[in-house]
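Undergrad: Keeping their order, the protein sequence lines are chains B and Y.
For the first sequence, the residue numbers in the UniProt record's numbering are 1 to 413.
For the second sequence, the residue numbers in the UniProt record's numbering are 1 to 291.
One thing to keep in mind: the hints can contain errors.
Some chain B residues flagged as far from chain Y (calculated, every beta-carbon gap over 12 Å) [unchecked claim]:
no., residue
1, Pro50
2, Gly76
3, Lys104
4, Lys106
5, Glu124
6, Lys259
7, Ser295
8, Ala307
9, Ala334
10, Asp353
11, Lys379
12, Ile392
13, Leu393
14, Thr405
15, Ala412
If you want the footprint, here are the derived chain Y segments under chain B, 3+ residues with CB under 8 Å [as the list claims (entries may be wrong)]:
no., stretch
16, 119 to 129
17, 140 to 151
18, 216 to 227
19, 245 to 258
20, 262 to 273
In case anyone wonders, no lab produced these hints; they're calculated from the structure.
Built from N, CA and C at the ideal position, the CB exists for glycine as well.
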Amino acid sequence: MPKSGSTSKISRRTALAGLSAGAAMLAMPRLGRAADEAIRIGFPTPLTGPFAAEARDQVKCAELAVKLVNDKGGIGGRKVELLVRDDKLNAGEAATRTLELIEKDKVHAVVGALSSAVQLAVNEVTRARGVIYVSISQSDTINEAKDFSKYTFHEALNPHMTTAAVARQTLKKGMKVAHLVADYAYGHEMLRGFKRAQAAIGADNVGEILHPFGAADYSTFMPRLMSMRPDVLCISNFGRDQANAIKQAVDFGVKQQMKIVVPVILHNQRLAVGPDVFEGVVGGANYYWGLETQSTSAAVFNAAFKAANGGAIPTDYGAYGYSGVGSLLAAMQAAGGTDTDKVVDALEKLQYDLTKGAQHYRKCDHQSVQSVLVLESKKKSAMANENDLFAILANDAGSDDMLRTCSELGHAT
Amino acid sequence: MDLSLIIMQLLSGIALGAVLVITALGLTIVFGMLGVVNFAHGALFMIGAYAGLYLASLTGSFWWGLLLAPILIGAFGMLIEFVLIRRLYGRSIDDPLLLTFGLSYILVEGVRIVFGSDGIPFPTPIQLVGVLDLGIGFFPRYRLFVIALVAVVLLVLWLTLEKTRVGLIVRAGARDPTIMQVLGVDIGRVWLAIFGLGVGLAALGGVLAGPMRSVNPEMGSLVLAEAFVVTVIGGLGSIVGAVVAGLMVGVSVSIVALFAPEMATIVMFALMAVVLLIRPQGLFGVRGRTA
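Based on the provided sequences and hints, a complete structural model is requested.
TA: Here it is, written out as structure tokens:
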């Protein structure tokens with residue numbers, strides 16, 4: 001039993017300590033709250049609709065990026081929270097959800113979107129409110145001065161760099177090229193990219209057909225495409241449109257006459273229609289798990305994803321979710337919190353390597369400079385296991401030369 | 001423009017129309033005889049594709065899937081009629097519409113839970129892989145098979161309805177169910193069979209479409225819209241109308257795709273708008289009909 005004297009001494013000390021702590025709380029109320037408050041990242045993505053498979057992988061990988069940071073104690077002691085919202089692949093819906101995330105949920109930054117048109121709608125909202133947005137959807141427009149703001153970052157590849165890399169592997173001087181293109185922003189930008197690359201290589205354009213977005217049947221375009229007699233057919237569409245278009249082209253015997261090339265070859269769509277349909281199709285990619293033999297970052301990312309998802313492997317669009325959220329959190333770590341200007345500054349200075357090698361955001365347009373993969377779908381007999389989908393034809397290291405110049409995009413240089 | 005190209009284009013239009021006919025047929029039969037607007041028709045089309053795929057992989061043959069899936073899903077349709085739809089006869093036309101609308105959400109979500117929301121591959125039957133040289137161009141064997149099969153189904157359906165006693169009862173039941181009951185026909189059993197037939201046709205459409213498209217839980221929603229367009233153009237409840245309108249829509253989409261591909265989807269809705277303006281009851285519909 002302690003003596004009564006010592007008890008009174010302690011209580012006096014405790015009282016003093018309590019008093020000074022209380023005074024500190026009153027003096028710096030904002031700081032005290034900020035240290036406890038979680039960092040909230042808004043994540044709009046099309047969980048329903050034709051891109052649902054890719055969107056779900058984005059969410060899984062974004063959650064992984066958040067978990068890895070939280071496991072290490074968060075950022076400056078603050079936990080990170082991911083607020084996932086379904087944008088339903090609709091620009092209006094995405095704008096509404098983003099506005100809610102900012103106004104109601106008070107998010108500190110937004111990452112996400114999968115469709116190029118939807119991403120521009122999200123960007124409209126975030127830049128008007130001065131909130132950082134890291135886009136993970138392929139787009140050229142978002143790099144251009146008219147849609148750019150200091151808060152806008154673009155982690156995904158853009159059509160210009162993707163189509164150039166794919167064209168380099170597949171087109172030769174004098175080849176005849178036909179295009180089947182989804183009639184919306186993504187398709188138009190890919191077509192523009194391909195035509196620019198084609199002109200540089202000296203290949204000839206023999207025709208282009210625009211198809212309605214989300215079409216289930218492509219058979220009616222096939223006779224005309226065949227009659228153009230191209231050497232290469234470029235199919236620029238996304239999600240289930242890619243699977244359906246390639247499948248029906250193959251049914252019509254297109255592969256016997258020409259090579260099928262896509263700007264972005266999708267892991268999930270290859271799974272959806274099987275190896276025989278995709279056999280020999282060549283396309284670009286930001287990520288493929290098989291990169292792990294060439295890159296330790298890929299091996300580490302694959303292992304972390306497998307551990308969190310029961311042995312499953314991460315996909316291309318999943319990797320965007322991981323590197324988009326991961327790069328933002330790394331910048332917040334460097335900036336010591338969520339102060340927007342400091343985080344923007346940190347993102348511009350950030351050198352990161354999360355999935356496949358060195359990346360950084362170019363100063364003038366905030367485009368992530370990164371490597372581009374060109375993949376070819378393997379035939380069934382050449383697959384070592386069920387995950388062995390693609391052969392890596394090229395892994396072009398990231399450089400500023402891949403991008404359009406800052407002045408071409410309309411940025412002050 | 002090359003004549004052979006136009007012929008190829010017509011052929012792909014007919015193949016497209018064949019799938020439209022088979023799906024619109026189920027919708028229009030159920031509406032014509034039962035007065036039920038089945039909003040779950042697209043979802044049942046999707047279930048048919050999954051059932052066909054599952055049965056094909058179970059038996060190792062596409063043909064068993066093609067035969068058994070429509071029967072199985074048709075039986076499931078009869079269960080739906082017996083347990084749910086039956087209670088709503090004689091009430092407002094909106095009631096079964098809302099019921100089936102809700103049902104379609106349950107079916108789609110159910111498939112998502114069981115099979116996942118990713119698309120899954122449905123291989124073309126080995127005998128029909130590849131193209132046939134028609135002299136003027138190549139056409140997928142499978143699509144030619146679809147045209148032929150739909151023609152056979154239509155013929156059997158027509159013969160049954162027009163030439164058999166069962167067909168006579170069905171047609172009479174659609175005209176005046178009360179008299180039929182007075183004459184001692186168990187009209188409830190007729191309705192049960194009709195609903196099962198409609199759902200079975202949806203499932204058949206799903207299995208046939210499987211090897212042409214990726215199979216996924218949302219594949220039915222677009223099909224439902226297309227089937228409604230065809231039904232409205234042909235006239236609600238008219239079987240001949242569904243056949244004519246289905247082929248008309250398929251060929252129109254195909255020919256428009258040749259000249260203005262970006263308009264290919266809009267053309268069917270434009271066609272519907274024109275028909276509604278000129279002949280609101282549809283091409284083969286009966287004016288002022290309320291089932």
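Undergrad: Take the hints in turn and mark each one as holding or not.
TA: Right, here's what the structure says about each hint:
no., hint, verdict
1, Pro50, "7 Å, violated"
2, Gly76, "37 Å, holds"
3, Lys104, "27 Å, holds"
4, Lys106, "31 Å, holds"
5, Glu124, "25 Å, holds"
6, Lys259, "17 Å, holds"
7, Ser295, "26 Å, holds"
8, Ala307, "21 Å, holds"
9, Ala334, "37 Å, holds"
10, Asp353, "30 Å, holds"
11, Lys379, "15 Å, holds"
12, Ile392, "23 Å, holds"
13, Leu393, "24 Å, holds"
14, Thr405, "32 Å, holds"
15, Ala412, "37 Å, holds"
16, 119 to 129, "holds (count 5)"
17, 140 to 151, "holds (count 3)"
18, 216 to 227, "holds (count 5)"
19, 245 to 258, "holds (count 4)"
20, 262 to 273, "holds (count 4)"
Figure legend: structure checked against the earlier numbered hints; the only hint not met is number 1.
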